[in-house]
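Chemist: Each chain, letter by letter, is given below.
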Amino acid sequence: MAKKGATRRTVIGAAATAPAWLLAGTPPAHAQQRRRFDNVTLNIACWAAPYARFIGEYLPVFTEATGIKVNYDTPGFPIYNQRADLELSTRGSAYDVLNVTFIYSSRWIGAGWFTPLDEFINDRSKTPESWNFADLLPGSVSPMKDRAGKVYGIPWVADVLMSGAGRFDLLRAQGLGMPNTFDELERAMAAVNGKDSLPAYIIENHYGWTFIPFLQGFGGNVFRNPPEDLYPTLDSAEAVAAAEYVGKLLRSYGPPQALGYDVDQATTALRMGRVIYSNNNHAFLRLLGEQGSRAETTSNFGLMPAGPKGRFPGIASHGWGIPTGSRNKDAAWEFIKWAMSKELLDRMVAEKGYGSITRSSILNDPAYRRRTMLNGVDMTQLYIDTLAFAQQGHMKYRTVHVYPQANTQITKAIERVVSGEMNARESMRQAQQNTIADLRRSGVRL
Amino acid sequence: MSSRGWSAGRRRAFALGLAPALVVLAVVTIAPAGYLLLTSLTPLNLTMPGTAWDFSGPHYNYVDLWDDDRFHQSAWIQVKLSAATVTLQLLVGLGVALLLNHGNWLRRFARTIFLVPMVLPPIAVGILWRVMYTVDISPLHRFMAWIGLPVPPLTTDPSLALWAIVIADTWEWFPFTMLLVLAALQMIPDAPVEAAKIDGANDLQMFRYVLLPYIAPTLLVAALFRLIDSVKAFPLIYVLTNGGPGDATTVTNYYAFVQAFNFSLWGYSSAVATLMVVAIFALSWIIDRLSGTGDARVD
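The listed protein sequences derive, respectively, from chains D and E. Following our numbering, the numbering of the first sequence begins with 1 at its first residue and continues without gaps. Following our numbering, the numbering of the second sequence begins with 1 at its first residue and continues without gaps.
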């Protein structure tokens with residue numbers, strides 16, 4: 001009798017919760033786990049990316065499916081990194097799931113602050129084969145591994161730098177297309193600056209990210225030969241030329257307060273039609289197609305322009321990881337599994353228009369391609385084409401453990417150039433000196 | 001009971017009464033300060049756990065600071081910021097207090113309104129001024145442009161960014177001086193004021209020869225308190241300029257913050273903080289000395 005009753009309850013329970021499982025894309029087998037996690041509350045934080053915002057909106061579905069409650073926080077990028085860096089260093093249990101930030105990945109993973117995820121990924125009782133880890137883009141997973149090949153983060157985004165014109169109509173009116181080279185970019189910005197009283201150009205003021213494609217395009221780099229040789233090369237002739245170039249773009253064709261534009265402001269300016277063109281992240285350029293955008297029908301997109309030495313778009317992945325101090329690792333893995341399940345990502349694509357996907361099965365789905373077209377532009381093809389440049393290995397500079405130091409100095413150097421406080425040569429020389437001092441203080445032998 | 005025994009008992013009672021406060025003081029102030037000092041003698045880097053108690057080169061951080069131009073520059077920026085904010089807060093606070101000294105209902109209402117900036121959370125003040133300084137959305141910029149006096153972007157201009165901080169900090173803290181001066185003005189007896197009026201003193205003479213001698217000690221105390229507080233300027237810089245453009249607004253505590261929170265160099269950052277603590281102690285000692293002098297003058 002007892003056995004029969006239990007079976008009936010299971011069937012009724014499964015039927016009652018079936019819609020939730022379908023919505024969450026979580027297999028009914030997890031119903032067994034629901035009771036197991038009923039009293040678990042996870043503390044989760046990520047920086048304020050579009051994906052992180054969408055996850056916040058879907059959290060009730062996760063709680064409904066698993067019984068796990070979530071305290072969820074998405075501060076701005078620099079604030080998140082400072083907070084996570086400090087929390088992780090204590091090896092405390094304040095957070096159960098954190099974003100493994102690209103520029104901190106080497107530092108955080110190398111210091112042993114994150115849990116290897118292989119045991120979760122390869123354990124079929126915790127992760128069904130259908131979840132398909134191999135489906136994640138290898139290029140986005142590699143920064144999440146240590147030297148031994150263990151995986152510490154599940155990448156939720158492969159963010160790439162591209163070109164976006166919110167007012168492409170103004171470029172077209174001048175007989176111009178999307179700029180493909182640095183020369184074309186400068187000529188285009190000169191041609192359209194001031195049209196409709198609009199500034200032509202803006203980039204996010206995190207120049208440790210947005211300046212590097214120009215630096216490498218001119219033939220320079222941040223370090224001599226990362227990750228082996230970390231001697232900074234910020235005062236090279238190529239670095240000075242790149243700083244002069246970017247300085248001119250922002251000074252001559254940027255809005256009055258160009259240095260004050262963080263990624264949100266730069267994206268908003270583009271969406272609201274207050275600036276003509278920007279080199280911005282794919283995930284943020286996608287927002288030009290969101291409701292409320294004034295640039296939906298006037299926008300166009302392209303690859304990051306190439307410099308004299310080639311095309312070096314910024315490519316970075318961020319992933320979900322479990323801090324070593326977490327006391328709820330199994331529940332944390334449930335969250336990561338859910339947040340990166342194909343079903344949820346499919347839903348996010350369909351309902352939110354999310355596009356910086358790391359699952360190749362979604363990227364190669366024709367329906368997805370159609371859904372992510374923006375004003376006639378195949379954004380997914382641009383995304384895939386940009387990701388292909390990762391094979392050049394030009395992003396190695398970014399995952400060395402002392403990149404945050406160089407990142408700070410590069411940002412300050414470009415600020416000095418754009419504000420006119422120093423010329424490019426002086427400013428890059430100062431960045432070089434400061435970076436050397438900071439690296440030595442961090443124990444790097446130069 | 002002998003008088004010696006009574007005195008000893010009184011001392012014991014005082015010591016017992018003070019003990020809880022001293023314990024709390026030791027736990028919340030002296031212990032962290034001691035830990036700060038110890039950390040400053042190590043190369044503590046959070047990514048290298050072995051550095052936590054490495055005292056093999058206790059002087060290295062301080063030698064490094066001696067040669068660190070950015071640290072020196074941050075101290076100089078701090079001096080400029082402190083001088084400008086304290087001076088402006090005194091002048092504005094004094095001026096407003098003189099205007100609001102005599103009360104009708106409107107002035108009493110104004111006094112209350114003027115106190116608002118001081119009681120706002122610092123981060124709210126930062127956000128408010130961020131809006132004011134963001135050209136695209138700032139009512140201040142729009143108004144100035146409308147009257148034909150356009151203001152350049154303040155926070156991204158290296159020659160103006162520090163002034164942007166000064167203006168916001170003055171707005172936030174002039175009520176402190178205003179409040180102290182108002183209290184001092186209320187304490188001035190009527191007789192000398194009446195006598196000066198009978199002697200035909202004009203407003204300037206009244207201020208210079210009658211009011212100022214009475215409120216000078218209060219102004220001194222306000223100045224010194226604001227001076228100490230100005231060293232703690234952080235939220236406005238964090239929200240408005242992030243220490244930039246370049247290093248134009250990187251004051252010493254912001255420099256220490258970057259070393260610790262961005263680079264994980266906690267030992268080095270602790271050395272910067274320790275020197276700041278020493279500077280604050282020196283200022284406190286000066287305050288103590290000057291306050292004593294001020295009291296004697298009032299008496």
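Simulated from the structure, these hints should not be mistaken for lab results. Quick reminder that beta carbons are idealized off the backbone N, C-alpha and C, glycines included. Some hints could be false.
As the list claims (entries may be wrong) - These stretches of chain D come out as covered by chain E in the derived footprint (C-beta under 8 Å, 3 or more residues):
1) 84–94
2) 241–251
3) 417–424
Chemist: Now look at each hint and say whether the structure bears it out.
Modeler: Now for the hints, and whether the structure bears them out:
1. Figure legend: the segment 84–94 of chain D, annotated as covered by chain E; annotation consistent (3 residues with Cβ-Cβ distances under 8 Å, at least 3 required).
2. Under the rule that three or more residues need a Cβ within less than 8 Å of chain E, the assignment of the segment 241–251 of chain D is violated, with 0 such residues.
3. A stretch counts as covered by a chain when three or more of its residues have a beta carbon under 8 Å from one of that chain; for the segment 417–424 of chain D and chain E the count is 5, and the coverage holds.
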